[in-house]
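Engineer: Build out the structure end to end from the sequences listed, making use of the hints.
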Amino acid sequence: MGFCPCSKVCSSELFFLHNRVLHYHLLRRACYSSLSVLLVEDQVFDESPAAHIKAFHEANATRNCSVVWRKGQLFPLVVRVLKSLNWTVARQVRFSTAVKYYGYFNSLYAFRIMVHVFSLAGMRREVYSLLRDIVCHTRKAEQDLFALLPFLMDSNYDVGKLIIVFDMLIKVFSGNSMVENAVDVFIQAKKMGIEPEISSCNFLLKCLAEANKEDFVRCLFEDLKTSGPNPNVYTYTIMMNFYCQGLNGRDINIEQATLFLEELMMSGETPTVVTYSIYIRALCKVVSVQSALFFIQSLRLKNQPLNAYCYNPILYKFCLEGKIEEALKVLEEMRGYGILPDAYSYSILVDGFCKKGEIEKGLNLIEEMEIFRLKPSLVSYSSVIYGFCKSGLMDVSLDIFRRLQKLGYKYDFIVYDILIRGFCSHGNMDNAYKLLDEMVDNHLCPDDFDFGGMIRWFCKMGHFDKAIGLFNFMLKYCGLPDTMICNFIVDGYCREGKLEEALKFMIHMEDLSIMPNSYTYNIIMKRLCEEGRLEKVWELFPVMLKLNILPGVVHYSTLIDGFAKHSNMKKALMLFERMQRLGVAPNTVTFTIIINMLCQRNETYWAYKLFKELIVKGMNPDQILYTSMIAGFSRTGDMKKALALFKKMSNEGCSPTVVTYTCLIDGFCKLRRLDLAGFLVDDMKRANLTPDVITYTVLISGFLRLGIIDKAHELFDEMRADGIIPDDVTYQTLGLPSSIVDQKLDS
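Numbering of the sequence shown is given in numbering that gives the first Met the number 0, commencing with residue 0 and proceeding in unit increments.
Hints in this document: simulated from the structure, not taken from any laboratory. Treat the hints with care, as some may be off.
Unchecked claim - Straight line, CA to CA, 25 Å or less: simulated BS3-like cross-link-like pairs of lysine-lysine:
# : residue 1 : residue 2
1 : Lys545    : Lys503
2 : Lys647    : Lys611
3 : Lys322    : Lys284
4 : Lys433    : Lys459
5 : Lys616    : Lys646
6 : Lys639    : Lys611
7 : Lys205    : Lys190
8 : Lys374    : Lys405
9 : Lys355    : Lys374
Structural biologist: In structure tokens:
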């Protein structure tokens with residue numbers, strides 16, 4: 000089978016390059032033959048180490064090859080290597096140093112002889128080291144790496160005896176991320192009738208897989224099967240791992256991996272525990288944990304090699320699915336078959352129990368680890384600390400943290416992160432801040448630490464000053480924050496009512512080369528709308544355009560909402576039309592704002608027209624939008640349309656809320672249809688929705704409107720019995736001051 004992708008390596012350009020190299024060989028052949036004779040004559044060279052070192056330092060880099068050879072300043076070293084096969088002698092001069100004094104081609108000739116000498120002696124490590132020295136310098140000097148192989152070959156030797164050179168050159172190229180060059184060496188070896196060793200081919204295959212060269216991987220594997228060397232268990236394991244990893248956006252191909260496993264078993268090779276563990280992990284990811292468990296049990300019945308690595312993916316998958324007890328059974332099964340769980344096996348289970356809140360079982364497993372002389376890792380203890388944090392036992396978490404410190408455990412970023420998040424989530428910002436200081440003192444302040452999460456927590460808990468302090472702390476110790484973190488600060492200033500400070504901070508962001516984004520400006524717009532400074536919002540649009548931030552539907556919706564809340568329907572509608580003319584399509588939120596505004600003004604005809612337009616455009620109305628329309632029709636007494644929308648809402652799978660029911664109840668109460676209002680209350684309770692204070696107030700008002708005062712007071716008592724606190728509107732509806740009601744409640 001042809002090696003299709005690799006043909007790129009053997010292109011016409013490379014063919015021309017090979018011819019040029021061959022021509023260069025012919026020009027040098029005479030000089031090289033004379034040199035070979037001189038190398039075997041001992042009396043020509045001074046072999047003392049001092050003489051060699053002095054010769055190197057006194058050499059002139061501009062001398063031509065004939066002068067160098069005549070005075071013997073480079074090749075005495077080659078002679079000593081030839082006579083002694085001493086690696087210490089060979090390492091007296093690096094290839095880059097030789098090039099500096101004698102030029103690239105002279106040095107390459109000398110080092111080629113040493114490569115061949117060590118190769119013929121079967122000294123693989125020495126050949127590898129010399130070739131790596133040559134290749135690394137050649138790449139750094141931007142010399143042609145494809146021309147290197149023809150230079151290294153020598154017609155004075157039987158090419159078949161230099162198989163080690165091919166093998167080691169494949170490994171050097173592969174190990175230094177030059178896989179196409181390695182493939183070229185493989186191809187040239189095959190053309191010369193040489194079969195590289197399978198270990199070199201496996202190394203090349205592994206490097207191609209890591210570089211995600213799928214076509215090369217597949218074709219190389221097929222070439223090995225058709226023309227040799229025959230793939231072994233490691234070859235198949237590499238192929239299975241490639242299709243089981245699912246890296247670089249590639250899906251796990253369990254079918255292909257299964258075919259490789261079957262082919263491996265038919266070839267007579269015995270799969271290793273690594274082979275099985277790779278396959279089992281893939282089964283857990285893309286099939287099911289039960290399939291993986293069944294597979295491993297079938298292997299055990301066939302006495303196939305198994306260890307903890309094979310079982311760990313199953314333990315992990317069970318824990319991931321929350322089936323901790325099932326995972327524990329697998330652990331017991333392992334021990335029953337004489338397979339000892341490792342520290343990672345226990346860590347998986349400890350983490351599973353602690354995440355489920357069963358910390359005591361996690362601690363029992365840690366004790367069991369110590370009985371089996373398995374030292375619990377920091378990962379295991381981190382899971383326990385996480386469990387206590389989740390349960391709110393922060394003091395216990397901190398105590399374990401300190402004890403580990405005394406036992407000599409070196410903390411990592413994750414342990415600090417768990418504790419800091421724990422303290423933040425329970426509102427203890429002081430301890431969170433102390434741990435952050437300690438973390439930095441221990442030189443553990445990575446760029447990806449969740450400063451944004453902490454800053455957000457500080458703002459949420461009302462500690463905005465600490466949020467600012469943390470931001471400055473981050474600037475000092477951990478580099479520039481991103482725009483998202485800066486947005487938390489801008490939002491914090493706006494929540495504090497400090498709009499001017501927020502604007503100044505945005506200028507500070509630009510000074511730090513942190514550009515505000517669309518969300519930053521939307522935060523400012525919201526605050527301006529809340530303060531009623533709607534004209535100022537208009538001034539931000541040109542600023543955004545200068546920064547190549549195009550105002551989107553969110554910005555327009557924010558401003559439209561501002562106009563709607565300040566009863567400026569005319570400007571809200573003008574802006575709604577303008578955004579569509581500019582090609583900014585309204586979303587459900589935009590439609591909801593406009594429809595709600597129209598319904599509040601009893602413009603239900605136009606509101607319903609927009610509602611139908613929204614559906615035609617393929618948008619699905621949500622609870623808020625349906626409720627706005629139902630409220631609008633109920634307010635105008637058009638209960639037929641209100642009920643029709645209510646039914647449509649339920650049929651579309653959009654569950655009505657307490658507010659939705661209350662709007663309908665209010666509409667029927669105003670029409671004196673308390674029977675239908677009562678039916679809706681019962682329906683509401685059947686839907687597990689509890690009437691709120693507004694619902695009760697609407698009903699009380701309805702009964703009072705009909706003069707049924709006793710029923711109104713009965714509802715009032717029912718409301719209190721349900722733990723719903725009446726508000727001032729309820730008191731006023733009943734015609735009783737709140738103080739009288741309070742006295743009645745006290746009595």
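Engineer: Each hint should be assessed against the structure and marked as holding or not.
Structural biologist: Evaluation of the provided hints:
1. Lys545 to Lys503: Since the Cα atoms of Lys545 and Lys503 sit roughly 18 Å apart, the hinted pair holds (cutoff 25 Å).
2. Lys647 to Lys611: It holds: about 13 Å lies between the C-alpha atoms, which stays within 25 Å.
3. Lys322 to Lys284: holds, 16 Å
4. Lys433 to Lys459: At roughly 19 Å apart (the allowed maximum being 25 Å), Lys459 and Lys433 satisfy the hint.
5. Lys616 to Lys646: holds, 21 Å
6. Lys639 to Lys611: Given pair Lys639, Lys611 holds - Cα atoms ~17 Å apart, limit 25 Å.
7. Lys205 to Lys190: holds, 23 Å
8. Lys374 to Lys405: Given pair Lys374, Lys405 holds - Cα atoms ~16 Å apart, limit 25 Å.
9. Lys355 to Lys374: holds, 23 Å
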